[in-house]
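Peer 1: Take a look at the letters that make up each chain.
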Amino acid sequence: MQETTANKVAAHATSSFTEHLQRDRPELLPQYAPFAAGTSAGQPLAVPHATTIVAMTYAGGIVMAGDRRATMGNIIASRHIEKVFPADQYSVLGIAGTAGIAIDLTRLFQVELEHYEKIEGTLLSLDGKANRLGAMIRGNLPMALQGLAVVPLFAGFDTAAGVGRLFSYDVTGGRYEEQEHHAVGSGSMFARGALKKLWRPNLPEDEAISVAVESLYDAADDDSATGGPDPVRQLWPVVYAVNRAGARRVSERDLAATAGNIIESRAAARREA
Amino acid sequence: MTQQFYVSPEQLMKDRADFARKGIARGRSVIVVSCEDGIALVAENPSPSLHKIGEIYDKIAFAAVGKYNEFESLRQAGVRYADVRGYSYDREDVTARGLASVYAQSLGAVFTAEQKPFEVELAVAEVGASQDLDHLYRLTFDGSIADEHNFIVMGGQADKVSGAIEGGWQRDLSFAAAIRLAVKGLMTDNEAPDLLAKALEVAVLDRSSESSRGTRRAFRRLSDQDVVELLAEES
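Protein chains in written order, with this note's numbering: chain L, 1 to 273; chain P, 1 to 235.
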């Protein structure tokens, strides 16, 4: 059957950057094809892994924080890695799992959202962004089955509903909306324990930031793959706050003070566990 | 079988150029002005959603006159070109020069090879760290490209409007002053005594977006409210 010009034009009209790449420049997409036989599933590749991310709602928005450590087996691969990124003006993305793939995925996701915004002249809805991210994670499933999984935590301000919302994912791209707070990564069970005790509804922003840093501190205390605040190198977690005004990175100075307070109060308490 | 009439290539190109020019002359003007704060883009456009001015990339904006479907497809192609390039190399490797030459090639190809040339005129603007590093490119329907300085006026009464802008343009204009100047220029092209903010489409490329707004995306569309305030202000 002869395709009409109108049909062709309509089929090519896409607002998705990924779709455009798939059609015109497939070689630029992260290669999701499974490895050739020879790499056994039993031996995961020695590549850096990013670990704990925490996120929670507060009065007027959400806060997301990530520690700065990447590990490669028992080695610390990086003390400076950043795992929380702004996805667009109203949303942020935290990544746990294989760092290389996660950073690639983040970059593609950022361009995807910006591309949509420029082509359509309007922002994608928060649910739309969350679903798009789910599809991208699902695309990575063959790699995940070989041990190179990426598990993101996505959070943003829903401008239509006027609230901050949180989404977690599994390796198949399943999207789960979380209430109140959530954490992902190897230290997440310790962080979640801390969040359950420290979080309460309608926290003011500065307290929410402090809770985020403290829950990461607890994760670092018990999980060797999570880095705690590092006063020697002056390294603090990366923290973003998103509210009606948009996403904002919390300044190093504020984080130094927040982390300083936590370390001081822990030192003063002189508790073992 | 009917014999085709012979038409000389000169005549063919001339007819096409005349056709395109007529199409463009029906449209209302768009003005791009480089000033101290950045680059201001002002268009007379009553529609709040069908834009003549758009964002292409971090420092690059697009403005067009002519047929909407034609320049909209060029704008989208530009966004795709820029996003692919920025994604595969780096964000700073996307330049107005590269984009303009891609546009010049596509417009040139359409002009010579297609049934009908595009009835559009485009401006590609890139804001630099200083005014001397600003780039303004004007592209016409036949794929010719010109590197302009200070400002570009396109559309219906471009000559008349251009004269008005030329008279008032200075290096140290603020955004507010540049937009007021552009609106004054547009009014020479219009029978109506004054232009309402609703009939204007205004956007800016902010020279200091990184320090003032914390974003590398310099493009900002002004709301009707902003435009009303700007026009009311006296310099």
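Hints were generated in silico from the structure; no laboratory data involved.
All values derive from a computational prediction rather than experimental measurement.
Among the hints, a few may not be true.
What the hints assert, rightly or not - Capping the alpha-carbon separation at 20 Å, the derived lysine to any residue pairs in SDA-like fashion look like this: (1) Lys-116/P / Thr-18/L; (2) Lys-67/P / Gly-23/P; (3) Lys-67/P / Gly-86/P; (4) Lys-8/L / Gly-23/P; (5) Lys-8/L / Lys-184/P; (6) Lys-67/P / Val-9/L; (7) Lys-116/P / Ala-197/P; (8) Lys-8/L / Ser-73/P; (9) Lys-8/L / Ala-197/P.
Claimed, not checked - Here are the computed distance ranges between Cβ atoms for each label pair: (10) Glu-120/L / Gly-163/P: 50 to 58 Å; (11) Asp-206/L / Leu-50/P: 24 to 32 Å; (12) Lys-160/P / Pro-204/L: 39 to 47 Å; (13) Thr-112/P / Leu-29/L: 53 to 61 Å; (14) Ala-273/L / Ser-88/P: 27 to 35 Å; (15) Ser-125/L / Gly-163/P: 24 to 32 Å; (16) Pro-204/L / Gln-225/P: 51 to 59 Å; (17) Gly-163/P / His-12/L: 36 to 44 Å; (18) Glu-252/L / Glu-229/P: 33 to 41 Å; (19) Val-228/P / Ser-251/L: 33 to 41 Å.
Built from N, CA and C at the ideal position, the CB exists for glycine as well.
Peer 1: Which numbered conditions among the earlier hints are violated in the structure presented, ordered from lowest to highest?
Peer 2: Numbers 1, 3, 4, 5, 7, 9, 10, 11, 12, 13, 14, 15, 16, in rising order.
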